[in-house]
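Q: Input sequences plus hints: build the corresponding full structure.
Residues per chain are reported as follows:
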Amino acid sequence: METEKLFTIAEALLKPWAKEYKRPDENRLDVYLVREDLLEAVAELAQARWGYLSAISGVDLVPPAQDGTGENQEGRLEVLYHFCNSAAVLSLRIEIPYSDAHVPSVCGIIPSATIYERELMELFGITVVDTPVPDHLVLPDDWPDGVFPLRKSFTGFDSPQAQES
Amino acid sequence: MQEKVEKFIVPIGPQHPALKEPGHFEFSVDGEEVTGATIRLGFVHRGIEKMTESRTWIQNLYMLERVCGICSHVHGIAYTLGVEKLAGVTVPPRAQAIRTIVLELERIQSHMLWLGVAAHEGGFDTLFMYSWRDRETVMDLFELISGNRVQHSVNLVGGVKYDITPEQKQKVLDGLNYLEGRIQYYEKIITTDDTFLGRTRNVGKMTKEEATLLGAVGPTARASGVERDVRVESPYASYPGHPVNIVLDEGGDLTSRFIVRIREMFESIRVIREILTNLPESELTVRVPRRIPAGEVISRVEAPRGELFYYIKSAGGENPYRIKIRTPSLCNWGTISSVAVGHKLADMPMLLVGIDPCFSCNDRLVTVRKETSSQTMYWEDLRKYGVEYYQ
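Chains as they are written, first to last, in our numbering: chain C, 1 to 165; chain P, 1001 to 1391.
Read the hints as simulated data drawn from the structure, not as lab findings. C-beta: ideal position from N, C-alpha, C; glycine also. It cannot be assumed that every hint is accurate.
[To be verified] Pairs of lysine-lysine, DSS-like flavour, derived with a Cα cap of 25 Å: (1) C:Lys5 / P:Lys1085; (2) P:Lys1313 / C:Lys19; (3) P:Lys1313 / C:Lys152.
[Unchecked claim] Covered stretches of chain C (in silico footprint by chain P; criterion: 3 or more residues with CB under 8 Å from a CB of chain P, positions within the stretch not fixed): (4) 22–29; (5) 48–59; (6) 78–84; (7) 98–107.
[Stated by the list, open to error] Sample of chain P residues lacking proximity to chain C, with all beta carbon distances greater than 10 Å (derived): (8) Thr1035; (9) Gly1123; (10) Lys1161; (11) Asp1163; (12) Ile1164; (13) Thr1165; (14) Pro1166; (15) Asn1177; (16) Gly1225; (17) Glu1267; (18) Val1297; (19) Gln1391.
A: Below, the structure is given as structure tokens:
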């Protein structure tokens, strides 16, 4: 099958960096990476012309509710780089902690990623290092610093997250 | 000695730059020639992705259909297909067929609307009025099927609300016959009218490589010969049984973008006729649980403007955990800033409409500016404001 063949190629390309592969669906392949390897992996895909960057999704993974016994866990953010090639969707997934929320910019390899990176910055508060245009994209110019609407802690301007800033 | 050249910047927008929607552009110019372009969006950003997290799976369908007024159905489709997959249900074939018919009608409607706007920007108001008059045919068909012209709201999570009766079927076919004749006439005009060709030929040329690199999607990409069409690559709804032929053009200029959209309408008409004559008999809905099992799904569909991408994550509750919407216009904006360079300022409106930009596509909080201060309003406040205002 065409899709299977494409995934075999992708798996081979990403082998040096992949920490884990998952097949959540017949049309999908998820590859777990660490942040430091992202650029090399994206460059490899781009060079091999494996599909195109269709979107970058950010997800706020809040820590599980504290039951008093467990460690005080820090929340994490997940960034997914979705590449589409015909029916196949490959997602490169990296997880980063709140306290160290930065990812490298992929714009040097894929210039069209700029809009998705700007979204990540203003909506999730993820610093995208070396992104060409760090300005606001969709939020107003007078939007307060340090308020990131797509974080789960943001529930309006009376939320603790907004009060703090 | 080299003279220091200062950049002269022409700001366009945010009030209605070529379109009746807000976007702000800054074109740096050297005389009449554009040397650079930057884009600022977000003037109608509504925070829909955030809103989805506090609404139930059912409520979200109605909100997501309102991401865009021109392609409301396709947003509903992307969402319902994703949720149905998470829930593990299969929609009955007749419902799939009706969804696909409305999808293609919507494509015709959207392309006709675009043709009118594009003609208007080109100073060809007769064509604008003709195409919008003829577009009414499709709008009437929507009303016939669903009772609504714009927000057809045909979808349910797990099926469709409306059936197509034999009488309605005949009316749809009659409407399509009329439209086919009209679209043939439009095709003739856009390929032969000298004045129009003067505004479109070799304007905004984008090679296949550029289009691929800039991440163009939909008709904008296909007009540069890039074979990207989700209906063909990863068929959904009734497309597996009624395949669509991809419409390509190698020209890469504005003329090609006109040609591709016009020919896509013929293809849509063909597909609708095919499905209507082979309309399967079945139920219209299937039961979907109120809580959607935990998991995540990626749902891709071909909206009139190109690939629409939904990433849906469920934590097993009554509300989604996260919904990411990547609309086609967002991809195509990137092409503008690079294609604009080297063109005359006067070509900019045509170039902008060339990608058929949809602002509600991109901007999904509202800041109300009063004379002295600006106030940020949220959904509840806006609702209250609206209710009080109209009392």
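Q: Look at each hint and say if it fits the structure.
A: Here's how the hints hold up against the structure:
1. C:Lys5 / P:Lys1085: holds, 24 Å
2. P:Lys1313 / C:Lys19: With a Cα-Cα distance of about 22 Å, the restraint between Lys1313 of chain P and Lys19 of chain C holds, given a limit of 25 Å.
3. P:Lys1313 / C:Lys152: Roughly 14 Å separates the two Cα atoms, so the pair holds.
4. 22–29: It holds: at least three residues are needed, and the region 22–29 of chain C offers 4 whose Cβ sits within less than 8 Å of chain P.
5. 48–59: holds (count 7)
6. 78–84: Holds, because 3 residues of the region 78–84 of chain C bring their Cβ atoms closer than 8 Å to Cβ atoms of chain P.
7. 98–107: violated (count 0)
8. Thr1035: holds, 17 Å
9. Gly1123: holds, 31 Å
10. Lys1161: Fine: 28 Å to the nearest Cβ keeps Lys1161 of chain P off the interface.
11. Asp1163: Asp1163 of chain P clear of chain C: closest Cβ-Cβ about 31 Å, beyond 10 Å.
12. Ile1164: Fine: 29 Å to the nearest Cβ keeps Ile1164 of chain P off the interface.
13. Thr1165: holds, 35 Å
14. Pro1166: The assertion about Pro1166 of chain P holds, with a minimum of 35 Å to chain C.
15. Asn1177: Asn1177 of chain P clear of chain C: closest Cβ-Cβ about 34 Å, beyond 10 Å.
16. Gly1225: Nearest chain C Cβ is 15 Å from Gly1225 of chain P, so the label holds.
17. Glu1267: holds, 19 Å
18. Val1297: violated, 7 Å
19. Gln1391: Answer for Gln1391 of chain P: holds, closest chain C Cβ roughly 25 Å.
Of the hints listed earlier, those the structure fails to meet are numbers 7 and 18, in rising order.
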